[in-house]
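K.L.:
Sequence:
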Amino acid sequence: MIEQQGRVTQQHGDWVGVRIGASSGCSACDQGKGCGAGIFGRLLRRRPVKLQLHNAIGAQPGQAVTVGIPERLFLRLVCLLYLLPLLAALAGMAIGHYLGIRAGWNALALDGAALAGALLAGGAAVVFNGKRRRLSPASSEVRLLNVVEGEAADACALPPGGGNSN
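So in my numbering, spot 36 of the sequence shown is number 36, and the numbers just go up one at a time.
Note that these hints are calculated values from the structure, not bench results.
Heads up, a few of these hints could be off.
Claimed, not checked - Taking lysine to any residue pairs in the SDA-like style, the calculated list, with each CA pair at most 25 Å apart, reads:
#, residue 1, residue 2
1, Lys131, Leu145
2, Lys131, Ala109
3, Lys131, Arg72
4, Lys50, Glu141
5, Lys50, Leu77
6, Lys131, Gly104
7, Lys50, Lys131
8, Lys50, Val126
9, Lys50, Cys79
10, Lys131, Ala88
To be verified - Beta-carbon label-pair distances, calculated as ranges:
#, residue 1, residue 2, range
11, Ala124, Phe74, 40 to 46 Å
12, Pro61, Leu108, 19 to 25 Å
13, Arg76, Ala109, 34 to 40 Å
14, His54, Cys79, 55 to 61 Å
15, Arg76, Trp15, 43 to 49 Å
16, Ile95, Ile2, 16 to 22 Å
17, Gly62, Leu99, 56 to 62 Å
As the structure is a prediction and not an experimental result, all values here were calculated from the model.
Yeah, the Cβ is synthetic: ideal placement off N, Cα and C, and Gly gets one too.
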């Protein structure tokens, strides 16, 4: 189970809104000593993520909580959101290049055809992922694990005031 700290922002019956800060999810990566996700996160200026989760632990607004996601779901999402667009772009590049060869184009036109194919196919995969993300069938697998108490709650992923309002 991959765990990330967040803060409960609102409550609606048995459901709570949780905001997870813009950290990479791993303290080693956030310090620049891990796989590098923290560096990329700072470069891309990731915004906090807002989740609606079932409140099985009785968390209240303002409390720091730990949110867990199963490793298999994480790997499935990585494949869907990163690997699928990459493979689509590579396939589009190969198809564009092949079609340029069949048309008898020169080297510069072949490169343009490969680039166009990569952009079209990669873009189509990103659009597909965006539409599919709205359905979010796996959201029930992400869940609240516990309420964080003491100093760990003070060092939660969000700064005072709740962080970015976007």
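K.L.:
It remains to establish, for every hint, whether it holds in the given structure.
P.N.:
How the hints compare with the structure:
no.	hint	result
1	Lys131 with Leu145	violated, 29 Å
2	Lys131 with Ala109	violated, 33 Å
3	Lys131 with Arg72	holds, 22 Å
4	Lys50 with Glu141	holds, 16 Å
5	Lys50 with Leu77	holds, 17 Å
6	Lys131 with Gly104	violated, 37 Å
7	Lys50 with Lys131	holds, 18 Å
8	Lys50 with Val126	holds, 21 Å
9	Lys50 with Cys79	holds, 22 Å
10	Lys131 with Ala88	holds, 16 Å
11	Ala124 with Phe74: 40 to 46 Å	violated, 24 Å
12	Pro61 with Leu108: 19 to 25 Å	violated, 59 Å
13	Arg76 with Ala109: 34 to 40 Å	holds, 39 Å
14	His54 with Cys79: 55 to 61 Å	violated, 26 Å
15	Arg76 with Trp15: 43 to 49 Å	violated, 24 Å
16	Ile95 with Ile2: 16 to 22 Å	violated, 36 Å
17	Gly62 with Leu99: 56 to 62 Å	holds, 58 Å
The structure fails hints 1, 2, 6, 11, 12, 14, 15 and 16 (numbered hints given earlier, in ascending order).
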